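With chain Y fixed as given, assemble chain R onto it according to the hints.
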Amino acid sequence: MLTRWGIIASGQGANRIAFLYYAKYRNPAIEDRVLLLNTTPADLRPEAPLEQIFASEPELRKEFERIRRRRVCIFGRAPSGAGNNWVLGEREAMDDYDSIRRYIADLRLRSSDVLLGITTLGGGTGNGSLPYIIHRVRRNPGQGLERVNNFLALGILPYDFEGPQRHFNAICGLARLLRYEGEQNAALVILVDNSQVERVLGIRRGQRAERYHRINQEIIRTIHLLIAPSSRWSRATIDIADYYQLPSNIGTVHFTPCLSLGNDPEVLSLEAMLESASGNAMAPVERGTGTMAYIVVAAPEERVTGGEITQEDLEDVAREWASRHLAGEGVLRYTSLVAEPGRSTVDVLILLGGFSLRGIMEKSLEKYRRFRDSLGGGGDLGSRIDLERVARLEEDLRRYIALTEERIERLRSGEEHVHLREWGFSDL
Amino acid sequence: MNEYAVTALVVLLTLGVGVALLLTFGISFVSYLAVGVILSVLLASLVYTWWKSKTDRTVVLLKIEILNKIKDAVEVLERNLRAASEMVDVEPFMEDLAGIKRGLISRGFFTGEFQINEGKIDRVTLTAIELESRKVEQQLRSLESLVVASYGEAVAGRMQELLDAAQMLVEGGFSVREEYEELRRVASMPAASLQDLLEKRRRGEEQYGRLVERCIREAEFLLTTAEGVADVSHLREELERVKREREKVESVYRLLRVRSEVSSYLTRPFLEAREEVLAYLDRMLELSRGFERERQVLRELRERAKSYTDPGQLAEFRSIRQEAKRLTLELARAMAREISVLDEELRKLGRAVEGTGAGGRISELDPRREFREFAGSALEVLTALAADFSRRYREVKIARNYPAVERIISRKLAEAGRVSAGELGVRYAEEFLRLYSESHPEAVLEGKVLRLKG
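Chains as they are written, first to last, in the working numbering: chain Y, 1 to 428; chain R, 429 to 882.
In isolation and in its complexed conformation, chain Y is listed as follows (with noise of 0.2 Å):
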């Protein structure tokens, strides 16, 4: 049976994304299941963060009317939303969490469901309510919800040039869909650099008019492939909990997307399309630090079916560069050819996991510390950033990163399969 997957966007940038999927695709595994939050300010003209998208797409309009009254949830008190605050952001949620969760009921999922979340980390409204509504979607969703288990988010890192206050959103956000109040939190995150997207899509100055919108494409690109492996075309369906349930056990549960879209099977082998979609990493990502990866290939149903692209060739060409391109050769590796009707060329996504966050973290710390070394503690209660929680949440990250780290070594040095037999796997 088609899995069935549910968007819950928080926030402006995530609603603009979330929106365009669902517009765009009329995926039939998603149908109408995507919820789009924000805070007070949009209360009035819901349309509002979307207005940029309606502007070159008037049509798109219409969709969103049809989704207005029961897929928009308007959230909070503040008069003036978030602020960039994700504590007011986190508070804003707890508070009409009921109203939130009615929302979600309304989309119907079953716990066998799946639920991405989306936010961008350098905000206020997106970064403070989604950690905290997956947190009580997955552990204690409240009366007339059912636990989702499969709660996945997908969080948007900051510029490189944006000031501290964003960054240290961003650093925070990440610690927060990692874990919160000391338990794993989402199933798995998928984090997407806005400046790395931006380099590998050679944007440069004169075009950055249109670079959210290319950014934005690109994501929801990304989102189309991720679900495609459940569809009815896939020749190897990568079932949901391949996707969480074994990194959650390794510990690490972090991935980018790798894209290569618009590859002509003509010119470029599958070789050299996963070789080219490797170096598309929409993070920054440390050669050879990568330790799992899922690749998805969707390719024109023709090439499949007449046998010039199969199952077996991938898996092949994907062990290939496996060795070539995960430490160790990796640890996990899922691979699914999708033959979809109507396409002439192949796109390829390799969601890379477990890599060595320090690429994400060397451009946001020393902004990060600058910031939090500023506060003092001060403001409203309900808005007031709490160092000792700050403080926790660095504790986390750090075990995170440490924990990461440790398993890169551990599979370059050639004790990869270590974590499986601990859980009970004889030899692979």
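It is possible that part of the hints are untrue.
Claimed, not checked - 30 Å max Cα-Cα, derived BS3-like pairs, lysine-lysine:
| # | chain 1 | residue 1 | chain 2 | residue 2 |
| --- | --- | --- | --- | --- |
| 1 | R | Lys529 | R | Lys563 |
| 2 | R | Lys529 | R | Lys480 |
| 3 | R | Lys563 | R | Lys499 |
| 4 | R | Lys563 | R | Lys548 |
| 5 | R | Lys825 | Y | Lys24 |
| 6 | R | Lys840 | R | Lys876 |
| 7 | R | Lys840 | Y | Lys363 |
| 8 | R | Lys776 | R | Lys753 |
| 9 | R | Lys840 | Y | Lys24 |
Claimed, not checked - Negatives, chain R to chain Y, calculated, CB over 10 Å:
| # | residue |
| --- | --- |
| 10 | Glu523 |
| 11 | Ile544 |
| 12 | Thr553 |
| 13 | Arg569 |
| 14 | Glu801 |
| 15 | Thr811 |
| 16 | Lys825 |
| 17 | Leu852 |
| 18 | Leu863 |
Simulated from the structure, these hints should not be mistaken for lab results.
Being a predicted model, the structure only gives us computed values, none of them experimental.
Beta carbons: idealized from backbone N, C-alpha and C, even for Gly.
Leaving out everything else, chain R in the frame of chain Y:
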């Protein structure tokens, strides 16, 4: 409506007068008067009804209509019986039909010339005519069912005879498979009435006639072709006889004999024609790479040409040559269209377009020319178009894919300081390496290996 009003008025008047008389003259007088009045009214009603029926023409028209129907049915059956008389003896049925007609005349419904006797039908009630109509209808139905049983068998026999003859012609190598299938369809048509049977036979004969006509034309073509290599005058005479007696099933044997004998003189022309067409189609298939729709049609035509192995099928190559000419033009136009699309794309990609293309040469292809002549010039034009197309296709593929391949080359160079064409895993690898070396001064191409300088 008038009758009801008059009756109501009379009743009311009678009651009123009755009451007045009762009061004036007493019960006994009124009783006599009432009985007298009622009797008078009844009498008046009868007189009125008789008068009304005498003046109303509707009933007369109805009688005429029924009798017309009887007349038509009798005449149709008579006509059909005459038509059926070609195959079965219909005399006894004709006599029965004449008996029915005589009965109708003797009862005064029809004149001796079997025309409706309007002068006499006034004296006959409508009911009587309706009863007569039903009786005659029943008699005609019984008579027709007897004819259908006899004629149906004869028609079935004739149809089988035509089918057998047609099948022999098909098996004898004449290209009349389609006509034969149509004849089979006609022969299997259901026919419940005499009219249906007559129609079925007519269509069967017509279809068989078309089939034989096609065989005659085919045989004529073979004879004309063979006249150049042998004396076939005796066969020509046979064919003339077939033309005169084409409706006879026996002509089939003559046709088969003509075809079989003439075929023995045609082996060489047949093999030449077959070889010529197949060679042309093979070359077209080679030149049509990248045009899958056209190739599919070409492959089907080639299979058809290849399936003809009997010299008697020489005539088939006329239509195959025509089809090959049509496909040549179709392919040439498709190639020219695609070349122009690729030119446009190359312009958009900022690449120079070499030459003006061979599209203008399509006008050299004249399908009215003899096949050999046409094929020679067509292959020249197609070769030029195919070369134009493949050059542009390659250029577009390289231009479109260069950005992706460039990134791969850069990464590989950064990793190992060198990359060979084989390691790239892409088509046109050497061309990509050459392009890279031209736009990246830090890299140098040595044979099929690109290296970082220094």
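How the hints compare with the structure:
Only pairs whose Cα atoms come within 30 Å are accepted, and Lys529/R paired with Lys563/R is accepted, the gap being roughly 12 Å. Our distance criterion of 30 Å between C-alpha atoms is broken by Lys529/R and Lys480/R, whose separation comes to about 34 Å. With a C-alpha separation of about 13 Å, the suggested pairing of Lys563/R with Lys499/R holds against the 30 Å cut-off. Restraint check for Lys563/R and Lys548/R: satisfied, since their Cα atoms lie roughly 20 Å apart, inside the 30 Å limit.
Restraint check for Lys825/R and Lys24/Y: satisfied, since their Cα atoms lie roughly 28 Å apart, inside the 30 Å limit. Simply put, Lys840/R and Lys876/R have alpha-carbon atoms about 15 Å apart, close enough for the 30 Å limit, and the pair holds. A threshold of 30 Å between alpha carbons decides the hint, and for Lys840/R with Lys363/Y the separation of about 26 Å falls inside it, so the pair holds. This hinted pair does not check out: Lys776/R and Lys753/R have alpha carbons roughly 35 Å apart, beyond 30 Å.
Restraint check for Lys840/R and Lys24/Y: the C-alpha separation of about 36 Å exceeds 30 Å, so the hint is violated. No beta-carbon of chain Y comes within 10 Å of the beta-carbon of Glu523/R; the shortest separation is about 74 Å. Distance check for Ile544/R against chain Y: the nearest CB is about 74 Å away, which clears 10 Å, and the non-interface claim stands. With a least CB separation of 77 Å from chain Y, Thr553/R remains clear of the 10 Å interface cut-off, as annotated.
Every CB of chain Y lies more than 10 Å from the CB of Arg569/R, the least distance being 62 Å, so the non-interface label holds. Its beta-carbon lying about 38 Å from the closest one in chain Y, Glu801/R satisfies the requirement of being farther than 10 Å from that chain. Once the 10 Å rule is applied to beta carbons, Thr811/R is consistent with being away from chain Y; the minimum gap is 23 Å. With a cut of 10 Å on Cβ distances, Lys825/R falls inside the contact zone with chain Y, its closest approach being about 5 Å.
At roughly 7 Å from the closest C-beta of chain Y, the C-beta of Leu852/R falls inside 10 Å, breaking its exclusion from the interface. Here Leu863/R stays apart from chain Y, with its beta-carbon at least about 13 Å from theirs, past the 10 Å limit.
Of the numbered hints stated above, those contradicted by the structure are hints 2, 8, 9, 16 and 17, listed in ascending order.
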